[in-house]
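*Asks:* Sequence:
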Amino acid sequence: MENDFKTVTNAKGLEIPKYSKDFKKLVEKDRQLAEYLCMNYENLDSEDLGAFLETVEQGISWILDLIESKDLLYKPKSGSNHAKRNKKITCSNFRRGEQATRLRI
Numbered sequence: 026m027e028n029d030f031k032t033v034t035n036a037k038g039l040e041i042p043k044y045s046k047d048f049k050k051l052v053e054k055d056r057q058l059a060e061y062l063c064m065n066y067e068n069l070d071s072e073d074l075g076a077f078l079e080t081v082e083q084g085i086s087w088i089l090d091l092i093e094s095k096d097l098l099y100k101p102k103s104g105s106n107h108a109k110r111n112k113k114i115t116c117s118n119f120r121r122g123e124q125a126t127r128l129r130i
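If you read the sequence shown in the working numbering, its first letter stands for residue 26, the second for the next number, and so on.
None of these hints come from the bench; they were simulated from the model.
Hints are not guaranteed to be accurate.
Label pairs and their computed distance ranges (CB to CB) [unchecked claim]:
1. Leu98 x Leu78: 25 to 31 Å
2. Ile88 x Asp29: 18 to 24 Å
3. Lys95 x Gly75: 30 to 36 Å
4. Tyr66 x Gly38: 30 to 36 Å
Only a predicted model underlies this, so the values are computations on that prediction, with no experimental measurement involved.
Backbone N, C-alpha and C define an ideal beta-carbon position, used for all residues, glycine too.
Kindly produce the complete structure, drawing on both the sequences and the hints.
*Replies:* Listed below in structure tokens is the structure:
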């Protein structure tokens, strides 16, 4: 993992940012790359698009590995307060004029 953050290695050998703020910065970089791809995929050649998609896939796989190793906990909330905290994220599909929508928890 190439970064400017201090990391620790968990029992399964995964590198993890030592501080949660650094983890959030890494996830934000992946989110920004995914947003860039949504907006500019038509202008990228296939090699660049493939490389960017591979980077996003690696970020998602890393997060899943952290969840499986229990270094990143998933604790769903229940009740009416939970619905108020969801933020809607959209990614425009300019070719068809559609919008892909997902709830961010």
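*Asks:* With reference to the structure, classify each hint as holding or not holding.
*Replies:* Do the hints match the structure? See the list:
1. Range check, leucine 98 to leucine 78: about 28 Å between beta-carbon atoms, so the 25 to 31 Å window is met.
2. As the Cβ distance of isoleucine 88 to aspartate 29 is approximately 19 Å, the hint placing it in 18 to 24 Å holds.
3. With their beta carbons about 32 Å apart, lysine 95 and glycine 75 fall inside the hinted range of 30 to 36 Å.
4. Checked against the hint of 30 to 36 Å, the C-beta distance between tyrosine 66 and glycine 38 comes to roughly 34 Å, which is consistent with it.
In this structure, every one of the numbered hints holds.
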